[in-house]
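The task is to assemble the complex, starting from two chains supplied on their own in separate frames and drawing on the hints.
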Amino acid sequence: MSHWSDTLPVPSGQRRDQVPRDHSIYLQLLEITLYLRQAMREHFVQLMSRQGLSLEERRHTQAIREKEALLSCLIRRMINLLQSEAASDLELQVPLPSEDSRGDVKYGQRDQLSGQPDPVPQLSDCEAAFVSRDLSNRGIDISVFYQSSFQDYNAYQKDKYHKDKNTLGFINLGTSENKLCMDLMTERLQERDMNCIEDALLQYPDWRGQPFLREEVARFLTYYCRAPTRLDPENVVVLNGCCSVFSALAMVLCDPGEAFLVPAPFYGGFAFSSRLYAKVELIPVYLESEVTVTNTQPFQLTVDKLEEALLEARLEGKKVRGLVLINPQNPVGDIYSPDSLMKYLEFAKRHNLHVIIDEIYMLSVFDESITFHSVLSMKSLPDRNRTHVIWGTSKDFGISGFRFGALYTHNKEVVSAVSAFGYLHSISGIVQHKLCQLLHNTEWIDKVYLPTNCYRLREAHKYITAKLKALEIPFHNSSSGLYVWINLKKYLDPCTFEEERLLYCRFLDNKLLLSRGKAYMCKEPGWFCLIFADELPRLKLAMRRFCDVLQEQKEALIVKQLEDAMRE
Amino acid sequence: MFTLPQKDFSAPTTCLGPTCMQDLGSSHGDDLEGECSRKLDQKLPELPGVGDPAMLSSDTSYLSSRGRMIKWFWDSAEEGYRTYHMDEYDENKNPSGIINLGVSENKLCFDLLSWRLSQSDIQRVEPSLLQYADWRGHLFLREEVAKFLSFYCKSPAPLRPENVVVLNGGASLFSALATVLCEAGEAFLIPTPYYGAITQHVCLYGNVRLAYVYLDSEVTGLDTRPFQLTVEKLETALREAHSEGVKVKGLILINPQNPLGDIYSPEELQEYLVFAKRHKLHVIVDEVYMLSVFEESVGYRSVLSLERLPDPQRTHVMWATSKDFGMSGVRFGTLYTENQDVATAVASLCRYHGLSGLVQYQMAQLLRDRDWINQVYLPENHARLKAAHTYVSEELRALGIPFLSRGAGFFIWVDLRKYLPKGTFEEEMLLWRRFLDNKVLLSFGKAFECKEPGWFRFVFSDQAHRLCLGMQRVRQVLAGKSQVAEDPPPSQSQEPSDQRR
Numbered sequence: 001m002s003h004w005s006d007t008l009p010v011p012s013g014q015r016r017d018q019v020p021r022d023h024s025i026y027l028q029l030l031e032i033t034l035y036l037r038q039a040m041r042e043h044f045v046q047l048m049s050r051q052g053l054s055l056e057e058r059r060h061t062q063a064i065r066e067k068e069a070l071l072s073c074l075i076r077r078m079i080n081l082l083q084s085e086a087a088s089d090l091e092l093q094v095p096l097p098s099e100d101s102r103g104d105v106k107y108g109q110r111d112q113l114s115g116q117p118d119p120v121p122q123l124s125d126c127e128a129a130f131v132s133r134d135l136s137n138r139g140i141d142i143s144v145f146y147q148s149s150f151q152d153y154n155a156y157q158k159d160k161y162h163k164d165k166n167t168l169g170f171i172n173l174g175t176s177e178n179k180l181c182m183d184l185m186t187e188r189l190q191e192r193d194m195n196c197i198e199d200a201l202l203q204y205p206d207w208r209g210q211p212f213l214r215e216e217v218a219r220f221l222t223y224y225c226r227a228p229t230r231l232d233p234e235n236v237v238v239l240n241g242c243c244s245v246f247s248a249l250a251m252v253l254c255d256p257g258e259a260f261l262v263p264a265p266f267y268g269g270f271a272f273s274s275r276l277y278a279k280v281e282l283i284p285v286y287l288e289s290e291v292t293v294t295n296t297q298p299f300q301l302t303v304d305k306l307e308e309a310l311l312e313a314r315l316e317g318k319k320v321r322g323l324v325l326i327n328p329q330n331p332v333g334d335i336y337s338p339d340s341l342m343k344y345l346e347f348a349k350r351h352n353l354h355v356i357i358d359e360i361y362m363l364s365v366f367d368e369s370i371t372f373h374s375v376l377s378m379k380s381l382p383d384r385n386r387t388h389v390i391w392g393t394s395k396d397f398g399i400s401g402f403r404f405g406a407l408y409t410h411n412k413e414v415v416s417a418v419s420a421f422g423y424l425h426s427i428s429g430i431v432q433h434k435l436c437q438l439l440h441n442t443e444w445i446d447k448v449y450l451p452t453n454c455y456r457l458r459e460a461h462k463y464i465t466a467k468l469k470a471l472e473i474p475f476h477n478s479s480s481g482l483y484v485w486i487n488l489k490k491y492l493d494p495c496t497f498e499e500e501r502l503l504y505c506r507f508l509d510n511k512l513l514l515s516r517g518k519a520y521m522c523k524e525p526g527w528f529c530l531i532f533a534d535e536l537p538r539l540k541l542a543m544r545r546f547c548d549v550l551q552e553q554k555e556a557l558i559v560k561q562l563e564d565a566m567r568e
Numbered sequence: 001m002f003t004l005p006q007k008d009f010s011a012p013t014t015c016l017g018p019t020c021m022q023d024l025g026s027s028h029g030d031d032l033e034g035e036c037s038r039k040l041d042q043k044l045p046e047l048p049g050v051g052d053p054a055m056l057s058s059d060t061s062y063l064s065s066r067g068r069m070i071k072w073f074w075d076s077a078e079e080g081y082r083t084y085h086m087d088e089y090d091e092n093k094n095p096s097g098i099i100n101l102g103v104s105e106n107k108l109c110f111d112l113l114s115w116r117l118s119q120s121d122i123q124r125v126e127p128s129l130l131q132y133a134d135w136r137g138h139l140f141l142r143e144e145v146a147k148f149l150s151f152y153c154k155s156p157a158p159l160r161p162e163n164v165v166v167l168n169g170g171a172s173l174f175s176a177l178a179t180v181l182c183e184a185g186e187a188f189l190i191p192t193p194y195y196g197a198i199t200q201h202v203c204l205y206g207n208v209r210l211a212y213v214y215l216d217s218e219v220t221g222l223d224t225r226p227f228q229l230t231v232e233k234l235e236t237a238l239r240e241a242h243s244e245g246v247k248v249k250g251l252i253l254i255n256p257q258n259p260l261g262d263i264y265s266p267e268e269l270q271e272y273l274v275f276a277k278r279h280k281l282h283v284i285v286d287e288v289y290m291l292s293v294f295e296e297s298v299g300y301r302s303v304l305s306l307e308r309l310p311d312p313q314r315t316h317v318m319w320a321t322s323k324d325f326g327m328s329g330v331r332f333g334t335l336y337t338e339n340q341d342v343a344t345a346v347a348s349l350c351r352y353h354g355l356s357g358l359v360q361y362q363m364a365q366l367l368r369d370r371d372w373i374n375q376v377y378l379p380e381n382h383a384r385l386k387a388a389h390t391y392v393s394e395e396l397r398a399l400g401i402p403f404l405s406r407g408a409g410f411f412i413w414v415d416l417r418k419y420l421p422k423g424t425f426e427e428e429m430l431l432w433r434r435f436l437d438n439k440v441l442l443s444f445g446k447a448f449e450c451k452e453p454g455w456f457r458f459v460f461s462d463q464a465h466r467l468c469l470g471m472q473r474v475r476q477v478l479a480g481k482s483q484v485a486e487d488p489p490p491s492q493s494q495e496p497s498d499q500r501r
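Chains as they are written, first to last, in the UniProt record's numbering: chain U, 1 to 568; chain A, 1 to 501.
Isolated chain A, as found in the complex (with noise of 0.2 angstroms):
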């Protein structure tokens, strides 16, 4: 996903968010905002701390009450982002410092690619790159996109430009639709465990909240596997909001699921839409690693490749390049959707998620570059994370600890809730202050809004020589932690999160 590095440690934020818009945010122009967001916030009990107005004191503070709650997003990311950056991990300057498994981003490419985005046809520059354009996105990329998801996704029919819209990022994208989409306080729907900086992208500017899904790791009834999205949960879930006075807009599906690397199954796809349909809900489905299946056998298919969606003006697709070809640093990211109104809606904010006309020349020069895609980036892409992949699954394998991944994304969804004795987010926590001690970065669950304490999130995608460096810590950690738990943790009350819990 385009994932936020903050974000990723830095769990609180993202179940924090509405209840801290909620203290603020009574004194609002709009009463129904406040309304909605009050309901939904009963719902969210613990974090002490949290709606305590002397941290977000409005006395002494330039800001207005949401810039506080903004500055508040920032600051709670920054500081996990702060240890990290202060102490990277470098082979040469600083082998003790930190290895990061927690952002997801695929490091393994970077020679193919910065190869390819230094070729001589790439870095054109002319007139019309220069000047305004537009806001949708210069028309030769757009025909472009369309070619190339007609291609990948295998759509039974081409693609067409128009309904393409072009922004700088997934994130923007998320911003986007939940402003045209939702009234400030409306909601979308969303299974958990999920990539948590959604939460904050559909806030910002949209003041847009998530109704949860919440999915068990537990196989029961009709499930076959563990967190196993149905029909029944969404209804269920839906239903609860509905009473709690939330309006759902919508629902979001990231197919390849994060942090899970799991794959919907076209039947599966079929059912969920069907389900939005009936309620009259727009589904987004964010594909953005569509392309990083690395595992043949799954049988990945894109919303894209359906016969007939059950309700096509309602259905908007997301994909990046960020994650599929390893350029989180590019901002690039594209909607289709067949509804122009909605095309129309998110193009008229692209003049605030724009992206350069440089940087649109290169993505055209790349996504029509299908020879070197199907024939050196995407096989070699595959290899080299299957056997990340299989290095970290065989590793987790050897300590005994499940884990899920079924060949897509960059990560494996580990299950360390053995490790922790009481089984509560306190715990999980501390367990991840361990490993970050230890110098060695990872996501935990509560940062995706899973419902159990304990899971982590373990991105595989690096070099080798850094992944063993960062299982090794990994292993560290685990075999020393019957000691270190019996113990009081040292660095508890220095927690850089402590504010958050």
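Here chain U stands alone, though its shape is the one from the complex (with noise of 0.2 angstroms):
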């Protein structure tokens, strides 16, 4: 988690340069440290060995998880700059110590969030990264933390299905990108209002993006969100994607080390915005499936539960900003009703706290009887200068590639602060052309694009909750986004963390991509989110890989429990 690269003692070249530069310290040094990890993590299997499966005690192995990831984290550290320093004299002639392939980056990530599932075991790219002379810390940090998060993303990229091509590649159902509305996208894109090559377009754009787009984007919010009154393009910045907003929002809202609330589980791809450039914290409201007295919903968000984790939170000193909001929420897929949105907001405000809401799948609420409610749409906010909202093209008009996002508030200090990160996440004008273009042809999107976009994302759903309901596995989301949310605690023996890691790894073998529960930051093993904005027969072949895992998985566990059973 992100607090580790803040408090953790950096290297300080004053520091190191006061240090007689006796090379063969620093060798018996890295020797020492190597052995000293060795011992550390005997110890720490030894630990785990016994995994106990109360409650109580799953929580203790977690703790301790942690404590060995934070170690790890320190000695990986210790050992990077030991090696430098080791190196830099002897010009690498020594063979120096290097990790072996379980080397403790999994260990240091494998409680982290992130947006991508965690990694399969074979890390040699991240190890070659953090032995790197050439990087800072934190370039390491996010070398590695991309890596081992984006691996598995990154072997699909190089081994893609192809219904003819390469029918045993890898099928991505992890990944939020809807395929269905492609044939519309390209023609669309295609039609000649769509080509412009203006001297102003080639030209330095306003960094808050051009006015022409910001003013469409402020139209296209007011009707699509139905606000009350006109949107100000004054209050809208464009930058190139969501993250990018988030990002330049963390930084400006938050000191490194400060901390947003996001109710658990939430999409992993915040998580790594924070971490990587604003070194701000995310903190998880954590939600539970079971339905109880005061939990009448699965996963249901309620005021005391923030009331509760902003209090844990200040009790252990941390400072936190805001809250973030996911509406319609990912990966859940619930959708906040006007109440619920509204006591979220007066919790803010009553703590002085921002509030971050991302509506990116506004257009993407597929279920005809459920309305949804933009926050924009209110009659008056209870907190207006802290209440942000995020939204982009990626998912509603399924082109993440575009790399487009906005950010509307109506605090003018946050405009011109996420400005000035205009230079660094700006879109080409040729990009910004076409998008304005987009948005403004409400014609298309209210009778072509929508209906169909709809339709499809229904049928896909429909057949996925069809096979899901034979297997008998619980899910949620029945109404918006891209995904269901579903319980896969069953084929886990015990329910860990790890099982479920496993589990994400016997589909990876079989070929299929999911994320898993632990990359949403989701509190209970086994939960898994599952894509089907895909086309019909990619999405049948993956349910057929899918299903082979489950039966085996299942298999797998019946004969352990007659091993057992003979046991006893």
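Just so you know, the hints here were simulated from the structure itself, not pulled from any lab data.
Among the clues, some could well be false.
What the hints assert, rightly or not - Some chain U residues near chain A, calculated using beta-carbon distances under 8 angstroms:
1) S136
2) I142
3) M182
4) M185
5) L202
6) Q203
7) S244
8) Y277
9) R321
10) F402
11) V414
From a predicted model like this one, the values you see are computed outputs, not experimental measurements.
Glycine included, each C-beta is placed from N, C-alpha and C at the ideal position.
Following this line, the structure appears as structure tokens:
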């Protein structure tokens, strides 16, 4: 989690220079450290081997893991530093001890949330990165974190399923992309109005976004969010993606080490953003699947839970600056009612918290009986200067490759500060023109695109959920987004995150990429996110692979249970 | 360069950044950062008012302390920008509007470019371009970039696509490199005068500073030309930074240089690289003007053309289409480095600095079209640059104004010192303001951290009619100079930038 990189002692140049440059000492130290690490690993293996099943014990194991990860991280830094010192003298003549293939990167990563699933064991690339002498510590962190998070995704990119050319390739139901309307989008984007090369588009833009695009975004949001009054283009900043918007917001609302509350499970991409650049911690407000007296729905967010999480964070000395809400929720797929939304906003106002609301799936609500209420549709916001809305075209229009995200906020200070990031997150003028044309054509959106998209999403959803029902797999989400949140607990024995990871790997071995609950910071092991917004033939094949894995898993479980029974 | 319009006429931000950061930064978690910045800041004397906490008061702000610093960056830049944008010159609609000779953009070849970019081969749309892709950039583009750079940089061996990372412009590249090569509070050496926006690029996310290698206009000692960079000066600057407790991680070179229009010879380059190697410094070589060398006799050499790099693992080259293809609005920049760790680390940040798949396709098509580039675009572009350059330099000669320019880039570095009675930066600012009042926008030396007050950068890569009008307005100001100087300038109090001084 991000606090490591902020609170751990970073080697100081000055201090390092004061140490006599005796490299033999470094080598000795390096050796000792490697011993130390080996001992530590063995110790932890012993500790973990008596894994209990009770909740208490599981929590305990979790705590051990966290400590282990922390120690690993510390030692990694020591080794890194020592290696660089030792090597700088010896010009790498001595074969410096290197990480074994199940190195501590994995430990370091295990408890971190990420946008993508956790790594499978071989991490040779990461290792290479973190023994680098050329990167800063944070550069190493970034590199390792990214590589481990995206390793499987990259494997998929290199070995994609293709119905003729690569029938054994990976199918990706783990990345939230809408691939159902590529035909409509490609057609639309080839129309004449899309191609325009004007001088102004080739010159330096207004860094907040071209005025024509900001106007269009304001108009678009006014219409689709049903804003009571016209939204103001001056309150819009456009950047190259929602993660960029989030990253910029985290930078300007928090100082390093400060935190946002986020109901968990939640979309892991934000964790990535806040960690890589902004060094802002995301504190999960854990939600539970179990329905109780107070928890009338699974994974229900209540003000009590928010209050509790805030209090706890403050007791731990953390400075909480805001609350992040995703609506429609990713991955659970819930849509907040105007009442509950209001309660969350009032909670935030009570505590002077900013609220960042990500509404990136707002047009992907495919159940007609359900109405989505954007926060921008509210007559009056409890604290409009602290309410910041994010939207983008990646999901609702299925064009993640376009790189477009927009911020809407009434707070002029925030507008200015985020605009400063326009240099670093700018969008090509040519693309800004296309986006403007796309958003402008409300008729096409209303009459062609949205009905088709919703219909296709609904059909794909119907297919997937029928399959899941047949397999008796519990799931959430019946109305929005591109995903279902499924419960595979019954395939885990014992029900631990380690088993969850192993199951994930089994899917991967069968060339099926899914996202697991841990990546969404879910508190309970066994949940997976399954993206269904894909074409039916691929989806069918994916589900076949899915069923195969679960069948095998089931058989293995039965064998195991039999063995256990025999032993007793 | 990737000139940010604002930056160019908002000098103070460049030099104030760190000071400001320190005032706000004391509450940051990492003590080391604070320490470094404080030491560095002692070196930045003048600038009253900036450290004034009232200006950045936190009581009423919704922002974090770094957020306030970032906003301040934006606001101070924004003011000059607004002045220009509210009153932009237009031949028909606003003939008395401001002529912009301050922003380094090439406006001479829009006809050629818009023709090329409208061709049907470029307008491809296919699903893979609309979806998430390799964050380093689509392979087809990286391959094309590698081929392109091999050819135009005249590399001894073909460059490799895996050493290429593609992002949305040079600004992002500076930001990403600063973040992955330096810890917060560490620094890069940079010879001044330099393209000032880099300060902000490396500071925003990276919290990395610049340690200046000040160059003089006077030719002394072994120097053969004004503002000459020598290893001796690099050594001195590095020593000074160390003695102040600033940890220097690298050296930034801009070649062809901005704003001097100067070019480093292969021998000089080699010396700087050897210096860097000696001190284990990374070298970021920004070659964004490499194809804008319009004087053939100059003999420009890219660092990628060197037979053997002293420290290839620490040499990182930047290029972009903003200048050489006059498309600063397209936002396409690229890194070439043999260091896979650096390439990977920068790519890890590309999620935040990615460019649209459609644009990646267009850039690949453009760079691939060697015939058009060689036979149409480059000759024409160079001819037009040369003509515009000749015009402005003739004008300056006629006025008896000294200037520097060696036949590269879009600008001339002009010595207006004789128009400043006392030779202070305040006077430089006033003169700049007088130009703006007379509706011509220039960039003043302080924006480039020039040590000597009185230097200005004139951008000449604009259409003839605008250029003529711009120069006419410049002449008016300089001719009226003596009168204005005797009277107290009336506009002084409403100086938009006074808070920054």
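Next on the checklist: Flag every earlier hint the structure violates by its number, smallest first.
Outcome noted: none
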